[in-house]
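Trainee: Sequence:
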Amino acid sequence: MITKEDFEEVCERSLKLIEEAGIQLTSEEKQKITSADFGLDQIKKEGVQIITLFDTNRMAAKILVLLPYQTEPEHWHPPVGDDPGKEEVIRGVWGDLTFYVPGEDTLEKGFLVEGKEAYYTMRNEVVIGPGDQLILPPGTKHWFQAGARGAVMYSFSTKVTDLLDQFTDPGVVRDTVIEGY
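Using my numbering, you'd call the opening residue of the sequence shown number 9 and step up by one each time.
Hints are supplied without guarantee of correctness; some may be wrong.
Subject to a maximum C-alpha distance of 20 Å in a straight line, what follows is the list of computed PhoX-like cross-link-like pairs (lysine-lysine) [what the hints assert, rightly or not]:
| id | residue 1 | residue 2 |
| --- | --- | --- |
| 1 | LYS52 | LYS12 |
| 2 | LYS53 | LYS117 |
| 3 | LYS124 | LYS40 |
Per label pair, the in silico range of CB-to-CB distance [what the hints assert, rightly or not]:
| id | residue 1 | residue 2 | range |
| --- | --- | --- | --- |
| 4 | ASP90 | LYS24 | 35 to 43 Å |
| 5 | GLU116 | PHE62 | 14 to 22 Å |
| 6 | ALA126 | LYS52 | 19 to 27 Å |
| 7 | GLU13 | ASN65 | 34 to 42 Å |
| 8 | GLY137 | ASP183 | 28 to 36 Å |
| 9 | GLN50 | LYS117 | 16 to 24 Å |
Hints were generated in silico from the structure; no laboratory data involved. In this text the structure is predicted, and so the values were computed from the model without any measurement. Positions of the beta carbon are idealized from the N, C-alpha and C atoms, including for glycine.
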């Protein structure tokens with residue numbers, strides 16, 4: 009569970025990073041920002057802030073924001089019915105962003121969340137700068153992390169099925185619960 013104060017703080021800080029990245033948002037879009045703490049009760053270490061720009065029956069676009077040194081837990085997008093799972097393209101916009109995907113262990117720039125080493129199994133490091141893209145086919149296990157400045161990225165994908173994502177950490181709860189809301 010995330011406190012109302014922490015929720016509001018991380019969302020406000022994320023809106024400032026989006027502004028610093030040069031992305032123009034309408035006041036309605038700013039009101040749609042949310043934060044996922046994954047039920048881990050440490051939003052500033054493990055979490056992500058999200059603005060969904062659009063989500064149709066076939067595709068979606070979001071802005072994802074990580075605060076400095078914030079990590080989104082390792083997960084993958086599983087098949088849903090006859091659909092093979094969400095395919096996602098990440099495009100770096102601003103800040104320090106590193107993804108971890110299947111492959112050789114090249115972890116050097118980032119770090120494993122203390123006490124959670126067993127739940128971050130992907131160690132092939134891919135640094136994403138502004139304008140860089142990473143394609144994540146359905147079912148690809150991945151996690152990502154911001155450096156000292158934080159990070160802003162676009163996520164373009166097929167139909168959003170985020171509440172069905174699977175996580176390596178068995179303690180993850182995908183629905184965010186905000187105390188006092």
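Trainee: Against this structure, judge whether each hint is valid.
Mentor: We went through each hint and held it up to the structure:
For the proposed pair LYS52 and LYS12, the alpha carbon gap of about 14 Å is at most 20 Å, so the pair holds. Restraint check for LYS53 and LYS117: satisfied, since their Cα atoms lie roughly 16 Å apart, inside the 20 Å limit. Straight-line distance between C-alpha atoms of LYS124 and LYS40 comes to about 30 Å, which puts the hinted pair past the 20 Å bound. Checked against the hint of 35 to 43 Å, the pair ASP90 and LYS24 passes, with Cβ atoms roughly 42 Å apart.
Judged by the Cβ atoms, the range 14 to 22 Å given for GLU116 and PHE62 is violated: they are separated by roughly 36 Å. Against the hinted window of 19 to 27 Å, the Cβ-Cβ separation of ALA126 and LYS52 comes to about 21 Å, which satisfies the hint. Distance hint check for GLU13 and ASN65: the Cβ-Cβ separation is about 36 Å, which falls inside the suggested range of 34 to 42 Å. For GLY137 and ASP183, the hinted distance range of 28 to 36 Å is satisfied, since their beta carbons lie about 33 Å from each other.
Checked against the given bound of 16 to 24 Å, the beta carbons of GLN50 and LYS117, roughly 21 Å apart, stay inside it.
This entry does not satisfy hints 3, 5, going by the numbered hints stated previously.
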